[in-house]
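K.L.:
So you can see what is in the structure, the chains are spelled out below.
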Amino acid sequence: MHIDARELPTDSIIEGDICIVGAGAAGISIALDWIGSSQKVILLEGGGFEYDDKVQDLYAGKTTGQHYFPLRSARLHYFGGTTGHWAGFCSTFDEVDFEKRDWIPHSGWPIKRADLDPFYKRAHKNVELGPYEYDWKYWQKKDPQLQSILKDESVVWNKVWQFSNTRFGTKYRDAIVNAKNVHLYTYANLVDITANENVSAIKQVTVKNYTGKQHTVKAKHFILACCSVQNARILLSSNKQAPKGLGNDHDNVGRYFMEHLEIKSAELWLSRPDPLKLYTWDFGKTMRCELGITKEQQAKNKILNGTASLTPLTMAKKVKPIMDIWNSDNPKKNLDKLMEEFGDAGKEVKNAKADDKIFRSYELFTRIEQAPNPDSRITLDTEKDALGMPRANLHWVLTPLEKHSIRKIYELIGQQIGKTGVGRVKLMEYLWDENDTAWPSFTGGGWHHMGTTRMSDDPANGVVDANCKVHGIANLHVAGASCYATAAAPNPTLTVIALSLRLSDHLKKLV
Amino acid sequence: MKRGKFIALTAIGAAAVSIPYLNCKGSANAYDKKLALPQSLAKITDEKEIMAIGKAYGSMHKEEYNIKALEEQLQTNKTGNISSNTPEKEFDMFLEKNINNDLDQGNTLVINGWVISLTEARQCALFSLTR
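Chains as they are written, first to last, in numbering that gives the first Met the number 0: chain A, 0 to 510; chain B, 0 to 130.
Okay, chain B solo, but in the shape it has when bound (with noise of 0.2 Å):
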């Protein structure tokens, strides 16, 4: 898929998302498409991309490939959690505060080339399983 495509149809995934969150509960489905999406890589790269590295990572770490592992590490950090309750802008928030401190502190990857946060890394991962 191209990048603008892809850009567009995880635009109108992310605003799908808000409203399901108050009516999934129970179902990952679409809480987990938003929680798989690594946003500030999306703007750059290519849902084949996004596949691929989630697809590696996943090799790399096999105890963790699996929806469940991913959404527990996802939504969990030191100070606290998200949940498909969680309203829209805290969650991005929760997310990009996540990713932010994986750069800081260097809790880096190199997948398939890309310098990447543990955080993204593992969106990628669990975007590779839900798409």
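One chain only, chain A, in its complex shape (with noise of 0.2 Å):
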């Protein structure tokens, strides 16, 4: 069922059993595992079915720190969420991932890889991917031209990627509308959350909209499913009746606020052109690698969990760097502008035939974790937006940890692309001085929030518990990446939908 927030009389009051609030991959995952139960869901979506300029604002704010994309067009703020122009990487986090590892402060999460197996493989599903299969020679059967450039994994090995076209508002809109117990309202925007009088549980929501209209959402379940700097900006900004902020009394909202660093990094030069099948990237392709780090490396040279890409470097170097494409307030603008860049650069690869001196030279680009930094958060500006909510201030810190992991990484990688005799790898002159802690003018992210409201058995040392609710308050949970612990080298969305499962399973429990 679907209503329109805008069109019900001022101050409607919308009761149900579950609250969903956003309807991005983690709140459309879970609204779908509810249909056909009892329960009544209410699924509050901020915006409508189509992009609004008016309700993109809303996500506006500003940033300091390590210079970063306008907040205003890093995500997506309308039915299906960032789907909406996602790219569609997906790969599972790693078990070491999840562990506490001495050499990265604040790492270890309350649960294990192997309690979200079973979810990555429902995720799969959402996200419209291939077999749960992340073992590279399980498509090295399906295609024999995809060949390892390694000579064992021993120190690298061939992590998999998957790809997905999945938009969730296209995809699942006709399932959500559809649904009898599922009851989407869109241009109902939380500004308020009402908890008890002891703060322990939460009793309302408030939603509003640019008519002026403002409705309250009862239910027995609240779930915030908005992404990591919306879900900070809502715990923190309800402060009438806990003056820190629901969920934050130890000052953990907004803290750990981390991306994946995404940059440029070094260079891999062949003898003799190969195509490297089982690397490379075009539109339409299923699955490729990318260069991990054992976990066992990671541990002896006490670096944190990255990979990398691999581009033909003719291409990438036509490719400005994503700091200068993404700059606009306008998501579409810069989408666009995106587009553009990779569709021209990408034509002289379609074209090459496998012997051509273009595949002789590839572009070897980082996708990193970064170690969780309490100083690198989200808090509340004095500004506000047109529904009276405080904007957004991101301040993005990096450590010395990220670029010391980063220049580990290629030094292994040349290490072992060295023993196969095929090549060598040359690092990028930002990276030769290993007592060189600044960071070049295109470091960039990926757009990928994480770690606002993180996970820990403990409340001193993080915001929700292992089964993501928020510590102290019975009934409110989070989903999405604001949960993580740690960011791992993966995009965020596979995991999110997963950990939105595991969420959903647990309350089936509770109601």
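Simulated from the structure, these hints should not be mistaken for laboratory data.
A couple of the hints might just be wrong.
Derived DSS-like pairs: lysine-lysine, alpha-carbon spacing no greater than 25 Å straight-line [claimed, not checked]:
{"no.": "1", "chain 1": "A", "residue 1": "K136", "chain 2": "A", "residue 2": "K284"}
{"no.": "2", "chain 1": "B", "residue 1": "K42", "chain 2": "A", "residue 2": "K352"}
{"no.": "3", "chain 1": "A", "residue 1": "K418", "chain 2": "A", "residue 2": "K136"}
{"no.": "4", "chain 1": "A", "residue 1": "K301", "chain 2": "A", "residue 2": "K316"}
{"no.": "5", "chain 1": "B", "residue 1": "K42", "chain 2": "A", "residue 2": "K418"}
{"no.": "6", "chain 1": "A", "residue 1": "K346", "chain 2": "A", "residue 2": "K332"}
{"no.": "7", "chain 1": "B", "residue 1": "K96", "chain 2": "A", "residue 2": "K150"}
{"no.": "8", "chain 1": "A", "residue 1": "K39", "chain 2": "A", "residue 2": "K507"}
{"no.": "9", "chain 1": "A", "residue 1": "K317", "chain 2": "A", "residue 2": "K331"}
{"no.": "10", "chain 1": "A", "residue 1": "K336", "chain 2": "A", "residue 2": "K53"}
{"no.": "11", "chain 1": "B", "residue 1": "K88", "chain 2": "A", "residue 2": "K150"}
{"no.": "12", "chain 1": "A", "residue 1": "K418", "chain 2": "B", "residue 2": "K88"}
{"no.": "13", "chain 1": "B", "residue 1": "K47", "chain 2": "A", "residue 2": "K356"}
{"no.": "14", "chain 1": "A", "residue 1": "K202", "chain 2": "A", "residue 2": "K39"}
{"no.": "15", "chain 1": "A", "residue 1": "K336", "chain 2": "A", "residue 2": "K317"}
{"no.": "16", "chain 1": "A", "residue 1": "K317", "chain 2": "A", "residue 2": "K346"}
{"no.": "17", "chain 1": "B", "residue 1": "K47", "chain 2": "A", "residue 2": "K418"}
{"no.": "18", "chain 1": "A", "residue 1": "K179", "chain 2": "A", "residue 2": "K301"}
{"no.": "19", "chain 1": "B", "residue 1": "K42", "chain 2": "A", "residue 2": "K276"}
{"no.": "20", "chain 1": "A", "residue 1": "K356", "chain 2": "B", "residue 2": "K42"}
{"no.": "21", "chain 1": "A", "residue 1": "K284", "chain 2": "A", "residue 2": "K120"}
{"no.": "22", "chain 1": "A", "residue 1": "K418", "chain 2": "B", "residue 2": "K77"}
{"no.": "23", "chain 1": "A", "residue 1": "K418", "chain 2": "B", "residue 2": "K96"}
{"no.": "24", "chain 1": "B", "residue 1": "K77", "chain 2": "B", "residue 2": "K88"}
{"no.": "25", "chain 1": "A", "residue 1": "K418", "chain 2": "B", "residue 2": "K32"}
{"no.": "26", "chain 1": "A", "residue 1": "K316", "chain 2": "B", "residue 2": "K47"}
Restraint ranges, calculated between C-beta atoms of paired labels, are given here [said to hold, decoys possible]:
{"no.": "27", "chain 1": "B", "residue 1": "N100", "chain 2": "A", "residue 2": "E295", "range": "16 to 24 Å"}
{"no.": "28", "chain 1": "B", "residue 1": "N80", "chain 2": "A", "residue 2": "P373", "range": "55 to 63 Å"}
{"no.": "29", "chain 1": "B", "residue 1": "K61", "chain 2": "A", "residue 2": "T293", "range": "35 to 43 Å"}
{"no.": "30", "chain 1": "A", "residue 1": "E295", "chain 2": "B", "residue 2": "R130", "range": "36 to 44 Å"}
{"no.": "31", "chain 1": "A", "residue 1": "M338", "chain 2": "B", "residue 2": "G79", "range": "58 to 66 Å"}
The model shown is predicted, which means the values in this text are computed figures rather than measured ones.
For every residue, glycine included, the Cβ atom is placed at its ideal position computed from N, Cα and C.
Need the complex rebuilt from these two chains, each delivered in its own frame; the hints are there to steer you.
P.N.:
This is the structure in structure tokens:
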């Protein structure tokens, strides 16, 4: 069922069993999981079914610290969320990502990778991926042209990515709208949360829209599924009963903001051309590998988990740094610029033969977790948005560990490539001096916001527990990457969905 | 010098030094040229780059930046040594094994960005002194 909250009489009371705030990958996945149940599910979406610039403006905010994309255009604010333009890169987190690693402060989750395994398999269906297979040799059996560049995988290994084209907004609109027990309210922006007297449970939330109308939503359980920046912003600004914000007794809400550092880092030079089909990406391709570092080598070298992707150097050199492309407040303009850049750059490669010299050199591009850092954080700004909510302020902070890790990753890859005799690796100049901790201007992120309501068994160290429930508040849960204790290397969406489905299963036991 | 031309010249150089081995005893020139040739690196980069790597290594390790010291380092390892009398195949295998051992054991350096083995770095240094 779909209700446009702009059309309701103001001060309407909306009641249900489960209230999901946010209809992106996390919120929609949970709602789909409840279709046909006896519970009434309220799904609140701030925007409508299409992009609306006035709604998008609610995401605007300031950024300080490490240079970042404009917050206004870093996520999409309508039904389907950022899957409305995502690239669909999916891979699973590794076992090591969940472990406490002595060389990474604040690392360690209260759950293990094995706890997510069954949910990853289910998440695959939501994003319409191929088989739940992350061993590259499985794919090689289907296509013998997929050859590894490595002699063995004891130091560097082939980590599989799969690619989704699923736009949640279009794919799941009918399923949600036609579900009898799911009540989707569009143009229903959460602006406040009201708890009970001792702030141990949530009573209701307030939603607003541009018409000036305001409504109240009551439910037995509430799930915040609004992305890392907005989840933190909502908890921090709901401060009329808890002065520091809800769930923030230990000053953890908004802290530990993490991004994936995405940055060109090195070049791979081969003695003879090789299209390296296992590693390169193109539209329509269903999988590829990136070069990862084994758990043992991460421990031995005390580094973060990261991977290197390969793009023919000729193509990569034609593409401007992502920070220079994605610099408008308008996400649509940014996307157009991005597609234009990649489209032109890819033409030459697409038409090249396998022995073309274009396949002698590759750019090695890093995607790496950042160390959880309490100083990297979301706070509230003094400026308010059009609905009266304080805007978010992002202060993104990196540490020397990230740079040390990137350098070491390419040393290890360079050694392994050297051993094969097929070529050599050359680091970019900003990585030459191991004592240099400065970041170049083209340092970018992946638009992956994580960690602002991090998971920990200990309320002093995190905002949610292992079941994504906010510590100290009986019926408030958080879905999404804001629950991540560490960021791992892969793009976050597949894990967001897996974690959300796990939360959904947990809630089914409670109601 | 362009990479293609450089590869051609290094190939000719490698072939040429197989005869001088036998005839140039006492003359380090041809032998050093062979010893100073990082084969894998030469396949992917050019003389100018190898020269620059060699000089950079030399500036970091001044104590061994002379022909004699580099020769000593390059022609000896734990299991044996090579000399100007070593047959070419054995000579090549000796250097290749040293390079692979370096890469296996993480005995590598980042010089001018290139991740190379210590043996190759010394070869480049010798290259910069002998060319």
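K.L.:
Hint by hint, which ones does the structure fall short of?
P.N.:
4, 18
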